[in-house]
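Trainee: One-letter residues, chain by chain:
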Amino acid sequence: MQSSNAINYDYTVAKYFTISAIVLGIVGMSVGVLIAFQLAFPELNNLFGEYGTFGRLRPIHTDGVAFGFTVSGIFATWFYVGQRVLKVSMAESKFLMFIGKLQFWLYIIGVAVAVVSLALGYTTSKEYAEFEWPVDIAIVVVWVLWGVSIFGLIGIRREKVLYISVWYYIATFLGVAMLYVFNNMEVPTYFVSGMGNWFHSVSMYAGSNDAMVQWWYGHNAVAFVFTVPIIAMIYYFLPKESGQPVFSYKLSLLSFWGLMFVYLWAGGHHLLYSTVPDWVQTMASIFSIILILPSWGSAINMLLTMKGEWGQLKENPLVKFYVLASTFYMLSTLEGPIQAIKSVNALAHFTDWIPGHVHDGTLGWVGFMIIGAIFHMAPRMFKKEIYSKKLVEAQFWLQTTGIVMYFTSMWISGITQGMMWRATDQYGNLAYSFIDTVEVLHPYWTLRAVGGSFYLIGVFMWAYNIYKTATSSKAIEKEPQYATPMA
Amino acid sequence: MDMEFIRNIQGWGYVSMIFIITIGLYAYIYHLYKSQRDGVKDYEKYSNMALNDEIDDTLVEAKDPQNDAKDNKER
Amino acid sequence: MFHWLEKNPFFFAVGVFLVIAYAGIVTILPDFMESARPLKGTKPYTVLQIAGRQVYIQNGCNTCHSQLIRPFKSETDRYGKYSLSGEYAYDRPFLWGSRRIGPDLHRVGNYRTTDWHENHMLNPAAVVPGSVMPKYPFLFKKNIDLDTAYAEAETVKKVFDVPYDKPGMPKLGTFAQAKKAVFADAGKIVAGMKNQDVKDAYKNGNIKEIVALIAYMNGLK
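Protein chains in written order, with our numbering: chain A, 125 to 611; chain B, 40 to 114; chain C, 19 to 239.
Hint data in this document are derived by calculation from the structure and do not stem from the laboratory. None of the values given here were measured: they were computed from a predicted structure. Please note that the accuracy of each hint is not assured.
[Said to hold, decoys possible] Computed, partial: chain B to chain C, Cβ under 10 Å:
#, residue
1, I45
2, I60
3, I62
4, A66
Built from N, CA and C at the ideal position, the CB exists for glycine as well.
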């Protein structure tokens, strides 16, 4: 213990990304709530002229929460967890410090350009890949810088073996890099023709090919942005917060590979009943089902980590966040493969059941993990205790209620609409006109929007709590080893 | 190359990949549990990397044993 | 081997990468090489239609509308013949969509007219009571971006060999020629519309976005 009392972990970059996670979470989710209300009350489309219509705002919502909130959360936790499990401080390398800060500022510029360009209608239309080519280039640079940080820190580590979370971060880095580059291959039209808008581009791929690449990306982006790095988080934050070692470290290694191998093959399942060959579809379905096994490995591992320590669930609200997150993870990894079954998909595809499914994953699993992780990190980064435990509790229950309202209403509305689209009268004619199937959804859409608002209010509570923690909470002398101190 | 041929390769590529992956994964499981049982390697101790992660905590396994006095000797 | 991988993060990374890459290649590449061949009779978009398609994309119509009719009776009864891969050969990007908040539009040109679209785009709920589709009055005010539409056509022609100017295919020609063709096409649409501002603008040499959008939708068959 003698040599290193001069070195401390340096959380500068982690703090930056914490702030961007909070701010972009608020932006992305506020837009989400607005567009949810727009479906229930279409007049709300007219608030900001052309910039406020559903079609313009939806990508800002999806990209805002995926590439804003979630990716910031991933970066923030990496710059915190990475140092700690490798037992090396960013302060030990001026170079890595510089790269980290550069990465942050480029990221912020990229986000700003992205939001403005989407609002103006510059979009490639491909989901989760809407950005036009200049933003894509910025994203690639940010990502490469992150890679430099990861491998740079690993290079100067003290701990010989890489903790399982680091594996997951590496996989995130590589997976996203490849998926993103391939799906965003595009030709800027200005450079070929010498005229027109220089932001505009056309996809390298046409028609069904474009669709195939898009859903290969679409599916795996979910894996590599919404699953893999979040597992990295839970493998660190749950054991650390509860003081319990991971139930089985071996199981964690094994489910890592299970996830890596199997996820990759399921990309085809978004294409069911499209023009893609039959056998690809069948294989894709089967593999989506096999997918449950390894991905549950991690969830089960997490829940068993709490074995004999369930009392903590009462006392420690952060453990609540983590445990509920793993539960939602299980739920949505069960639901996904069910939707991939051909007959179920025939009903569910194009309906609200799909966004419903996406949201129990994103709100319950991704959102709760990032919120919980930042609650854990804040006292250690700011050397203050959490401003209010009561507020954390209240937030937890409000958001949980919100999620339940969200997914129940979306399940019902999705199944209702799917059934109505195919319903026939006694002569075999379609029983409902399209607008009939829209009008019945009004109550569910309202409920969904209210559920979403609950969640958003929770995010504001979170932001306030963290803000107060950083500015006016009681200082802590020594960093707590496990449970996060709260007032 | 005609399309049918490529499809064939794809089919085989797919099947063999699944095959290799499955065998690989199960071999890995075997490797993990065997190493643990035979005392070759204690995987479970790596959990402590998350729990004892202060910068001056004892390392689970030092990367550079010579230079680091804190290395807790392996086995 | 496993031992070694655990200790060599670099090779571990290479391994992960290879697995992902292989998976990608096997699942996608072959389908790719079977390059979506256009169906007989499928033609590239005219420049005016491209402009309309760009309007469609800019306003995220694809966030609410699919363009993919699945081979079920309930779908073909509602929307027409189910969609075939070859029909999309000139779609860059594809616009299948993922959520049908509104109806499928892949064959909307078969059953909706210029006149219907004009009223509907201005105020959907007035035409279809209960509609949750946004109003699009600004499409009647903004001019199309002809340069960018031409740039796109020229790009796909040069880079991807899209058969413009081939026998039986749409003409592209020089920008000046294309512009003339665009005005001729737009004239036919404008003639079927009632909005005076759009008509006046056309007389003064300006084409409004709504005109291009309708040209695009009329071509979806």
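Trainee: Next step is simple, just say for each hint if it's right about the structure.
Mentor: Here is how each hint holds up against the structure:
| no. | hint | result |
| --- | --- | --- |
| 1 | I45 | 5 Å, holds |
| 2 | I60 | 8 Å, holds |
| 3 | I62 | 13 Å, violated |
| 4 | A66 | 8 Å, holds |
The structure fails to meet hint 3 from the earlier list, while all remaining hints are met.
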